[in-house]
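As a plain string of letters, each chain reads:
Protein chains: 2
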Amino acid sequence: MAVGSADLPKLREALPLDAVLTEAPQLEPYRRDRALDPDAGTPLAVVLPRTTAEVQAAVRWAAEHRVPIVPRGAGTGLSGGSTALDGCLVIGTERMRAIEIDERTRTVVVQPGLLNAELKAAVAERGLWYPPDPASFEICSIGGNIATNAGGLCCVKYGVTADYVLGLEVVLADGRAVRLGRGLVKDVAGLSLLQLFVGSEGTLGIVTEVTLRLLPTPPTHRTVAAWFRSTEDAAEAIAEIAAAVRPSMLEYMDRAAVNAVEDQLALGLNREAAGFVLAGTDDAGPDARELTTILAILRAHDPISVEETTPERGERLASARRAAIPAVEAKGRLLLEDVGVAIPRLPELIHGVEAIARANDVTIAFIAHAGDGNTHPLVVFDPDDPAEGRGRTAPTARS
Amino acid sequence: MAVGSADLPKLREALPLDAVLTEAPQLEPYRRDRALDPDAGTPLAVVLPRTTAEVQAAVRWAAEHRVPIVPRGAGTGLSGGSTALDGCLVIGTERMRAIEIDERTRTVVVQPGLLNAELKAAVAERGLWYPPDPASFEICSIGGNIATNAGGLCCVKYGVTADYVLGLEVVLADGRAVRLGRGLVKDVAGLSLLQLFVGSEGTLGIVTEVTLRLLPTPPTHRTVAAWFRSTEDAAEAIAEIAAAVRPSMLEYMDRAAVNAVEDQLALGLNREAAGFVLAGTDDAGPDARELTTILAILRAHDPISVEETTPERGERLASARRAAIPAVEAKGRLLLEDVGVAIPRLPELIHGVEAIARANDVTIAFIAHAGDGNTHPLVVFDPDDPAEGRGRTAPTARS
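Those protein sequences? They're chains A and B, same order as listed. Note that the first sequence covers residues 1 to 399 in the UniProt record's numbering. Note that the second sequence covers residues 1 to 399 in the UniProt record's numbering.
The following block holds chain A by itself, in its conformation from the complex (with noise of 0.2 Å):
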């Protein structure tokens, strides 16, 4: 499958001068995103195209030369997603940026390559707000949001990345580009295949522009935070709250995630609580029916301390919840797992990865946007420890 240097002029021809890269110092960048796989390749030659004629242009000449593809975004993942093959070619996205925004529809059209905040941004301006919030929002692109069908902390309200998406426009395999989507908020005709590339990884082609739902300026978001003796206490109120209302965030970290978070920002997290529970409410209502009830729901599952919080108390601790992936990333390498479950299974969920982790002596820091069930067990281990392996293998593996 590889091929040989002699292929490349014809690359270069097809592109412009500085949209292709062929030194190693170059390529290095390129070979691994965030999970940092210790078997990363080497690319032959990354691509940074501006246009979707230039994608075309790459991958054509990948498919006439046989040279696989790893596409790549902000390269912010923390999956492997981006991981270079050796002598593939890397086609990455941070180029394309433009934005295009529509108010009257309440649509806006971007490139891949444009970051999560920029977006947000630019709509904000206007008036406008696009709700998908990955912790990573400031770093990452919407292409690798919508190549991983990208959530966050308002996705238990608002909906995850697929919820926004209503047109794209991609490149196949063959370089072809095909139109999916008619742009339109209401559009129900035919088989979804736009659905089909919202999560494909870039599997089935590279997303090469973007057709986006707006809504209004979201409304006033009010924050409560609770500190707890157990993670069981914590996990149960988490159930409840999602039972009885429908929070605009409601977020959880364990003991090991908060002092990351607190040794990286001084915040005046508790280092001792178990578990802390962030929950969010933007009912509007005159008696504030949602925020009472997350109130009254916390204290009955004997809290160390419930605060309801001003709104710069409440985006820091946001913040500190996104923050606590790189933190806990500070204390070693890590191993990110991604792990769905029905709410009322949360408290098992939490008390399987503690046993887990006890048995086989490794620090597996705990966060989840709880309000919809999507946990990240963060294992920390020692890459040069052989005992502890080279990344890929479960710690349950060698117990």
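Read the hints as simulated data drawn from the structure, not as lab findings. Ideal Cβ positions, reconstructed from N, Cα and C, are used throughout, including at glycine. Just to be clear, a hint being listed does not mean it is correct.
What follows is a set of in silico ranges between Cβ atoms, one per label pair, in the way DEER data are often shown [stated by the list, open to error]:
| id | chain 1 | residue 1 | chain 2 | residue 2 | range |
| --- | --- | --- | --- | --- | --- |
| 1 | B | 319 | A | 63 | 54 to 64 Å |
| 2 | A | 121 | B | 229 | 56 to 66 Å |
| 3 | B | 79 | A | 204 | 28 to 38 Å |
| 4 | B | 99 | A | 243 | 11 to 21 Å |
Derived lysine to aspartate or glutamate pairs resembling DMTMM-like cross-links, with alpha carbons at most 20 Å apart [as the list claims (entries may be wrong)]:
| id | chain 1 | residue 1 | chain 2 | residue 2 |
| --- | --- | --- | --- | --- |
| 5 | A | 157 | B | 103 |
| 6 | A | 157 | B | 282 |
| 7 | A | 10 | B | 232 |
| 8 | A | 120 | A | 312 |
| 9 | A | 157 | A | 315 |
| 10 | B | 157 | A | 163 |
| 11 | A | 157 | B | 37 |
| 12 | B | 157 | A | 103 |
| 13 | B | 157 | A | 315 |
| 14 | A | 331 | A | 240 |
| 15 | A | 120 | A | 263 |
| 16 | B | 157 | A | 102 |
| 17 | B | 331 | B | 103 |
Chain B is faced by these chain A residues, among others (derived, beta-carbon under 8 Å) [unchecked claim]:
| id | residue |
| --- | --- |
| 18 | 105 |
| 19 | 198 |
| 20 | 246 |
| 21 | 285 |
| 22 | 288 |
| 23 | 373 |
| 24 | 376 |
Take the given structure of chain A and dock chain B to it, following the hints.
Below, chain B without anything else, positioned relative to chain A:
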């Protein structure tokens, strides 16, 4: 492709006695849905299973004997999706009506034959809400809603059927039953074959079990009705409302549709107005910002009258809108169209349809889920008039 009646004993053997219909008078009601296709064929047999295993038995028999299958829900479709072919096997889900609600996870598992209204009523008893509300919700089935990815009046804010489907059990063409999705609120791993099935009109398999997401009891809903002198004024008001707020309902009927409904229901609708707009909001904020905005926009477009309704009157007017298709149907044979546009293009579409109706001297009533740009031009024709064809020829084709 036709199969001898000699094969029917094998089908009968595989199924309970009362699940297989083969007598002509029994078959007749299963030849057509509400599209009343004049070219409908006569099935060899109709199977009315109660379980997934019975659906599998029928599908296996059909696969073995190469008999085409026409899946059928409640038979309320207006576009002929359940029209029988000569010698086909109709598999109808009307006896598959089990329901199991899980309040803790706010999900429900149903068989496909359950009516949308039955589902809504059952979950409402537990303080839960299933939003999708096609105008036919009292008579259409959940299986049919999934086959067509049905929308409805509240979908402008709360989304279509696809947004609520978390899991499916489907029987494929060879009789295998497979599960798609895991019934979890957050589930973004792998290709979304689940979403590929939603809206696939029975072409990929037969849905035999559905897991649906529910919401808490809906917030209070306030309704405003406005009557306009011109369709332009109405359409422009709609586009402005859709851009300014997030209405929970934004419906439109033209004069022909209003008159057809008034002929049947005598609700005191304004027969003289060129266009009728029905807007709803469930903004519960203390300043009722959305309601104020909607009223201001409607009043700025030279209306004949604007009425802030009581909840009872609002529900009666929504019922009037839901009654539009059967009311127009009573005027002659109906050719239902289903056209989606970006909302700013709504005035242009309404104009274009009016021009086609005039040029062809045919009645085209126009109704719309205007807030999401989903319109239904309703062409009324006389099936016995040779000039008006047999219902499959678009009016423009004979001009």
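The hints, checked one at a time:
1. B:319 - A:63: 54 to 64 Å: Given a distance of about 57 Å, which is inside 54 to 64 Å, the answer is holds.
2. A:121 - B:229: 56 to 66 Å: Violated, since residue 121 (chain A) and residue 229 (chain B) (Cβ atoms, about 43 Å apart) do not stay within the stated range.
3. B:79 - A:204: 28 to 38 Å: holds, 30 Å
4. B:99 - A:243: 11 to 21 Å: holds, 19 Å
5. A:157 - B:103: Cα-Cα ~17 Å, so holds.
6. A:157 - B:282: holds, 16 Å
7. A:10 - B:232: Violated, at roughly 56 Å.
8. A:120 - A:312: Holds. Residue 120 (chain A) to residue 312 (chain A) sits at ~19 Å (cutoff 20 Å).
9. A:157 - A:315: holds, 17 Å
10. B:157 - A:163: holds, 12 Å
11. A:157 - B:37: violated, 43 Å
12. B:157 - A:103: holds, 17 Å
13. B:157 - A:315: violated, 27 Å
14. A:331 - A:240: Outside the cut-off at roughly 33 Å; violated.
15. A:120 - A:263: The given pair, whose Cα atoms are some 29 Å apart, is violated under the 20 Å limit.
16. B:157 - A:102: holds, 19 Å
17. B:331 - B:103: With a Cα-Cα distance of about 45 Å, the restraint between residue 331 (chain B) and residue 103 (chain B) is violated, given a limit of 20 Å.
18. 105: holds, 5 Å
19. 198: holds, 7 Å
20. 246: holds, 6 Å
21. 285: holds, 4 Å
22. 288: violated, 10 Å
23. 373: With a minimum Cβ separation of about 6 Å from chain B (threshold 8 Å), the hint on residue 373 (chain A) holds.
24. 376: violated, 12 Å
Of the numbered hints given earlier, the model fails hints 2, 7, 11, 13, 14, 15, 17, 22, 24; all others are met.
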